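Whole structure, please, built from the sequences with the hints as guidance.
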Amino acid sequence: MRILPEALLSELYDATEGLFYPSETDAALEPFLWQNIRDTSFSIEKLLLVTRHRKDTPVDGLELADFFAPVIHEEEWMDDSERETAKRFRELQETLEKLLANISVYRVGEVNIDVYIVGKTDDGYYAGVSTHLVET
16 MRILPEALLS ELYDATEGLF YPSETDAALE PFLWQNIRDT SFSIEKLLLV
66 TRHRKDTPVD GLELADFFAP VIHEEEWMDD SERETAKRFR ELQETLEKLL
116 ANISVYRVGE VNIDVYIVGK TDDGYYAGVS THLVET
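When we follow this note's numbering, the leftmost residue of the sequence shown carries the number 16, and every step to the right adds one.
Don't take each hint at face value.
As the list claims (entries may be wrong) - Quick list of simulated restraints, FRET-style, between CB atoms:
{"no.": "1", "residue 1": "E45", "residue 2": "T72", "range": "17 to 25 Å"}
{"no.": "2", "residue 1": "R98", "residue 2": "V74", "range": "27 to 35 Å"}
{"no.": "3", "residue 1": "L19", "residue 2": "T72", "range": "31 to 39 Å"}
{"no.": "4", "residue 1": "S58", "residue 2": "E91", "range": "37 to 45 Å"}
{"no.": "5", "residue 1": "E91", "residue 2": "R67", "range": "37 to 45 Å"}
The set of hints was computed from the structure by calculation and includes no laboratory data.
Computed from a predicted model, the values in this text were never measured in an experiment.
Glycine included, C-beta positions come from ideal geometry on N, C-alpha and C.
This is the structure:
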């Protein structure tokens with residue numbers, strides 16, 4: 016089923032609204048659609064170019080499940096609000112998996128880290144969500 020770029024972005028905005036990924040600074044998750052990169056091969060070089068990072072910026076990759084693991088599990092000690100947040104992160108992960116293929120997570124930088132969850136749309140564009148982490 017083909018999803019128009021506007022509809023895809025709308026679903027991502029709905030899924031991320033009000034969510035903040037926890038680190039030393041809690042940052043919002045921001046949807047994106049890179050229509051200027053429509054290609055069969057995605058590379059770290061293209062990631063750094065489209066996100067306007069220096070070519071020598073360190074980039075680490077990780078699996079989508081590993082990125083979401085700290086925020087999707089419910090614990091007994093959590094209150095209702097925290098349980099709802101964990102549920103919303105699970106729903107966001109499901110939405111990304113439904114809308115995008117070949118999803119990768121890139122951590123760009125050190126200490127002040129930009130995170131890009133990038134996958135390919137049915138139309139061959141790259142889309143996903145980004146956030147920012149601070150890890151000292």
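* Asked: Against the structure shown, which of the earlier numbered hints fail to hold, in ascending order?
  -> none
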